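Join the two chains, each given in its own frame, into one complex according to the hints.
For the record, the sequence lines run as chains A and B. For what it's worth, the numbering used here labels the leading residue of the first sequence as 1, then goes sequentially. For what it's worth, the numbering used here labels the leading residue of the second sequence as 1, then goes sequentially.
None of these hints come from the bench; they were simulated from the model. It cannot be assumed that every hint is accurate.
[Stated by the list, open to error] Derived lysine-lysine pairs resembling DSS-like cross-links, with alpha carbons at most 30 Å apart: (1) K129/B to K55/A; (2) K127/A to K98/A; (3) K127/A to K12/B; (4) K35/B to K12/B; (5) K129/B to K164/B; (6) K130/A to K64/B; (7) K158/A to K12/B; (8) K98/A to K73/B; (9) K158/A to K56/B; (10) K55/A to K158/A; (11) K164/B to K137/B; (12) K107/A to K64/B; (13) K98/A to K158/A; (14) K73/B to K112/A; (15) K107/A to K127/A; (16) K158/A to K73/B; (17) K127/A to K112/A; (18) K64/B to K35/B; (19) K55/A to K98/A; (20) K130/A to K166/B; (21) K35/B to K55/A; (22) K98/A to K112/A; (23) K129/B to K73/B; (24) K164/B to K112/A; (25) K55/A to K107/A; (26) K158/A to K107/A; (27) K112/A to K130/A; (28) K34/B to K56/B; (29) K55/A to K34/B; (30) K64/B to K158/A; (31) K55/A to K130/A; (32) K107/A to K73/B; (33) K127/A to K64/B.
Just so we're clear, the structure is a prediction, and the values are computed from it rather than from any experiment.
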Amino acid sequence: MTEELKVIRPDESGSYSRFLTDGCLCCREGAKMVLFVTGRCYRDCFFCPLSVDRKNADVIFANERPVYSDADILDEARTMRAKGTGITGGEPLLELPKVLRYISLLKSEFGKEHHIHMYTSEAPDEKQIKALANAGLNEIRFHPPYEIWIRLEESPYKNAVFSA
Amino acid sequence: MEGASDVAVFTKRAGCFLNLNELEFSDTNAEELKKRGFVLADDESNSVLGSAAVAKAAFDAGGKTNFCSSRYKDAIQLRLRFLRTAQSTAREFDEITEDGTVMYGQIDVPAGFLEPFTSFLIEMELPQKAFFVNPEKNTVETACGIAEELAVIFAEGDMEDFGKVKIRIIERYPFENGFIVGSEQIF
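Looking at chain B on its own, in the form it has when it is part of the complex (with noise of 0.2 Å):
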């Protein structure tokens, strides 16, 4: 935005330092944006085009100067943030991704079936550890590779003792009731 350049010899002056947030997109200000003739840098990333390049004219100016880009807030701060997260949410059979998600297999199991299914997981040698049940919600939640399994064992088997079962690997943000990222129906 116009007037950059004057804060940072403002800035400079008075020795204090600057921080340059690169104009972004979002849901609530896209159309107020697009009415005053700005468009979208790439398809990558939300950033505004031209906002870099007077943030840089900016910079260059010089003092206590920091460009902070938009993709910075998800590549960086998020991601980071959300990986000191997960390696102290993260349950034994969760895989943390490299975005500081956490991926899972989730069992639906109907209503009814919840207790005989768990008694099967256990007599499967599954130790406690490896699953979790959760009775509010008629699932279980396991590691990935459990859940391929199961998922070969229902596509093979004759396993209509516990009704119509949906099995799904689950990418969600690292804590309770995060944001479900991706859903895949493996079975």
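If we strip away everything but chain A, and leave its shape as in the complex, we get (with noise of 0.2 Å):
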């Protein structure tokens, strides 16, 4: 299913592509909902856009819809007609057993096809990602942080990029 696109394609909001996921199709279509599951990170990026009620507070939300039990995720994706999922923080990893369990839930009421990306800024071990893929997550990306992006080669994550 995934795009490799024959032409660069910018679209009305200014951007470009020479290649989309599964993941990106779904949010093209408006049919991604965001599940955010902690707002606590390890990390202190200067340009982390989190609003204040979000920020380093153990809050979850789906969409913008604050969750207080697994019915009211389930709503949120009824409502919106959701056809795939993306998980975000805060940092994911630190509720690695709640995504674990949210994978299994949104997959057990929206069959397989419902699909799920995650985004994290860490390198998980390949014991992690064993997990996250056994449960059904689709597709992970990873946001090293910018401080190393010149020398992504000898940090963790090559070896995440490649256990993924």
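Below, the structure written as structure tokens:
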């Protein structure tokens, strides 16, 4: 399904791509739910855009809806008729058991085709990656700290990328 | 940001996907960004000046790359999600805008007048589906057109029976208690 684009296509928002993943394609339909699993994070990036009520707070949101139970997540997914979910934070790996449970919940409720991707600024080890893949995670996106962008080859992110 | 092209070289070699998000201002990072000399690219978005150019250079390094602009998040991601949501949440009388928000008329009725006002609407032969009575907020919600007609009736006639009624056109996010984008009082 992943789309290799023949042409570089700018859209009306000024975005352009040579390649889009299934996660991107789902978002471009407006069909991706954003599941924010925690505001807590190991890092303190100066450019972090999170709002005051989310940053470093132990809160969960499905899109704009505060989550107090699994039912809130499923309700929100149904309301927007979600075809997929993007798991973000904060640092989702700080809540790995919760993330694994949410992946299973969404997959069992909406089927295997419900596309799930996750963001992390950590370099998860092989065990963590395996657990996420086994739960059904479709796509993982690494956001290494900008200080090491120039030396990713020597960083633990190299191993994480190749394990994924 | 510096180093984006180095990341592009890495991902191209690894054969993996690279998503470049445009750097953007928010309420919480504005101070830190300004301190480092970053400025807004224009008045219409939250884009940081120069971020798109850095991303373009990384994009040109080749590989499976996508540049996701700051405007994409509002103009496409959020807008299309709202449209999908509105299609399933909008009531018969809600008007769905091209931004995916909903518009309707809201009549604020003073406490105690909700029942007589509802009877008045029924007398006017307004079908049940054409309005929604909210006893918690003491309001009646209905189509913009009907709200406008009511505003004319109230402006012209002697409608003292219902006390001090307020009529507004509301635009809000397409879900319960959604953020109110606009509110214009028409009576």
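Checked hints:
For a cut-off of 30 Å, the pair hint linking K129/B to K55/A is broken: about 42 Å separates their Cα positions. At roughly 16 Å between alpha-carbon atoms, K127/A and K98/A fall within 30 Å of each other, so this suggested pair holds. A threshold of 30 Å between alpha carbons decides the hint, and for K127/A with K12/B the separation of about 25 Å falls inside it, so the pair holds. Using a Cα cut-off of 30 Å, the hinted pair K35/B and K12/B is violated, with the two alpha carbons roughly 33 Å apart.
The suggested pairing of K129/B with K164/B holds, with an alpha-carbon distance near 25 Å, which does not exceed 30 Å. Annotation: proposed proximity of K130/A to K64/B holds, straight-line Cα distance about 24 Å (limit 30 Å). Between K158/A and K12/B the CA atoms are separated by roughly 13 Å; this keeps the pair inside 30 Å, and the hint holds. In summary, the hint linking K98/A to K73/B is supported, as the alpha carbons are separated by about 26 Å, within the 30 Å threshold.
Restraint check for K158/A and K56/B: satisfied, since their Cα atoms lie roughly 23 Å apart, inside the 30 Å limit. This hinted pair checks out: K55/A and K158/A have alpha carbons roughly 28 Å apart, not beyond 30 Å. Restraint check for K164/B and K137/B: the C-alpha separation of about 15 Å stays at or below 30 Å, so the hint holds. For the hint pairing K107/A with K64/B, the CA-to-CA distance comes to about 28 Å; that is within 30 Å, so the pair holds.
Taking the CA atoms of K98/A and K158/A, the gap is near 26 Å; set against the 30 Å cutoff, the hint holds. For the given pair, K73/B sits about 26 Å from K112/A by alpha-carbon distance, which is consistent with the 30 Å threshold. Under the criterion of a C-alpha separation no larger than 30 Å, the hint pairing K107/A with K127/A is consistent with the structure, at around 21 Å. Straight-line distance between C-alpha atoms of K158/A and K73/B comes to about 29 Å, which keeps the hinted pair within the 30 Å bound.
Between the alpha carbons of K127/A and K112/A the distance comes to roughly 22 Å, so the proposed pair stays at or under 30 Å and holds. Distance check on the hinted pair: K64/B and K35/B sit about 33 Å apart at the alpha-carbon level, beyond 30 Å; violated. For the suggested pair K55/A and K98/A, the alpha carbons sit about 19 Å apart, so the restraint of at most 30 Å is met. Taking the CA atoms of K130/A and K166/B, the gap is near 59 Å; set against the 30 Å cutoff, the hint is violated.
At most 30 Å may separate the alpha-carbon atoms for a hinted pair to count; K35/B and K55/A meet this at roughly 20 Å. A threshold of 30 Å between alpha carbons decides the hint, and for K98/A with K112/A the separation of about 19 Å falls inside it, so the pair holds. Restraint check for K129/B and K73/B: the C-alpha separation of about 35 Å exceeds 30 Å, so the hint is violated. Annotation: proposed proximity of K164/B to K112/A is violated, straight-line Cα distance about 55 Å (limit 30 Å).
Restraint check: the Cα-Cα separation between K55/A and K107/A comes to about 28 Å, which is no more than 30 Å; the hinted pair holds. For the suggested pair K158/A and K107/A, the alpha carbons sit about 29 Å apart, so the restraint of at most 30 Å is met. At roughly 17 Å between alpha-carbon atoms, K112/A and K130/A fall within 30 Å of each other, so this suggested pair holds. Proposed proximity of K34/B and K56/B is supported: the alpha carbons are some 23 Å apart, at most 30 Å.
At most 30 Å may separate the alpha-carbon atoms for a hinted pair to count; K55/A and K34/B meet this at roughly 19 Å. Simply put, K64/B and K158/A have alpha-carbon atoms about 17 Å apart, close enough for the 30 Å limit, and the pair holds. At roughly 28 Å between alpha-carbon atoms, K55/A and K130/A fall within 30 Å of each other, so this suggested pair holds. As the CA atoms of K107/A and K73/B are separated by approximately 25 Å, the hinted pair is consistent with the 30 Å bound.
Proposed proximity of K127/A and K64/B is supported: the alpha carbons are some 27 Å apart, at most 30 Å.
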